[in-house]
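**Student:** Sequence:
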Amino acid sequence: MKTYLVTGTAGFIGFHLAKYLLERGIGVVGFDNVNDYYSVELKRDRLAQLHGHERFEFVEADLVDQESVDRVFSQHTFDRVVHLAAQAGVRYSLTHPRAYINSNLVGFANILEGCRHANVPHLTYASSSSVYGGSTQMPFSVHQSTDHPLSLYAATKKSNELMAHTYSHLYGLPTTGLRFFTVYGPWGRPDMALFLFTKAILAGKPIDVFNHGKMRRDFTYIDDIVEGVYRTSEQIARPSAEWASDAPDPGTSKAPYRLYNIGNNQPVDLIRLIEVLESALGIEAQKNLLPMQPGDVPETYADISVLEEAVGFRPSTSIEDGVDRFIRWHREYFCKVI
3 MKTYLVTGTA GFIGFHLAKY LLERGIGVVG FDNVNDYYSV ELKRDRLAQL
53 HGHERFEFVE ADLVDQESVD RVFSQHTFDR VVHLAAQAGV RYSLTHPRAY
103 INSNLVGFAN ILEGCRHANV PHLTYASSSS VYGGSTQMPF SVHQSTDHPL
153 SLYAATKKSN ELMAHTYSHL YGLPTTGLRF FTVYGPWGRP DMALFLFTKA
203 ILAGKPIDVF NHGKMRRDFT YIDDIVEGVY RTSEQIARPS AEWASDAPDP
253 GTSKAPYRLY NIGNNQPVDL IRLIEVLESA LGIEAQKNLL PMQPGDVPET
303 YADISVLEEA VGFRPSTSIE DGVDRFIRWH REYFCKVI
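Residue 338 in my numbering sits at position 336 of the sequence shown, and the numbers go up by one each step.
Treat the hints with care, since some could be wrong.
[Stated by the list, open to error] Derived lysine-lysine pairs resembling DSSO-like cross-links, with alpha carbons at most 30 Å apart:
#1 K201 to K216
#2 K201 to K21
#3 K256 to K4
#4 K207 to K289
#5 K216 to K289
#6 K4 to K21
#7 K201 to K256
Honestly, the hints are just simulated from the structure, not real lab data.
All chains should be built: construct the whole structure from the sequences, respecting the hints.
**Tutor:** Structural data, given as structure tokens:
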């Protein structure tokens, strides 16, 4: 039976992936420092859904602590490593830059070293749609340049892709980077728009709508994200025979290295998301229209043709179904009548 190392297991995507794997009989070693960037209680409640499973082991430690990371690799043999732990959030990076340097760069370097020395068959790691930065070439494709990040968060995710490529090239470590597009759903992060909007609307408070609502996001439901992560993890990255040094393709390499977008391929206007949420809650939102925030981009839109061709999968959950499932979970978790 396979065993996965999943970092960020107390986080939104990491929790759902661990649950998915365990339900399929795959062993999971979870790794997370359970920090207080947002509700520690929510993180503990996620972990409580995993504890007690006979094939789940949890290590509470920080990725920046090299000894802790090395110990995990020395004590286990992993068939796959999925690295999802990171300091998240674009706006937080404007005020807490060192948190991103430590978690997203130093922590990732420790994971790369662990995988290299342990001869892990495949490392899959979380990148982000934010790497597309100032580009307005839509839909975003893994074949286009990503050299103009607009936030330190985006820069660290771009750096992760470059660091991974180096290890694929120098040491033959197969790596796959996944550029996630606006993930949402049950057990989601409280700093994300859907969570913030729901909380404010239920409290009768206005919601902050940036860029006066003229934003579009490729909202991607968590179950679709997890399915994509699993399928790409199971398909080990290989060198591309078509890669040419005189016309290098950013999305592939002559090394065992791949990049994929995982998005819904159906961008939704922010105002439309609010309308769907209002309908699900049965409450009209008070809207506080604000200008664009530093580091934000007006639109994200994923070209997922490479993902579909490689693993035969494309996200399909509609915004209406996804929001409804989120609201049902929110009502149950917070014991509110909606």
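**Student:** Taking the hints in turn, state whether each one holds.
**Tutor:** Each hint, compared with the structure:
no. : hint         : in the structure
1   : K201 to K216 : 22 Å, holds
2   : K201 to K21  : 26 Å, holds
3   : K256 to K4   : 28 Å, holds
4   : K207 to K289 : 9 Å, holds
5   : K216 to K289 : 13 Å, holds
6   : K4 to K21    : 15 Å, holds
7   : K201 to K256 : 48 Å, violated
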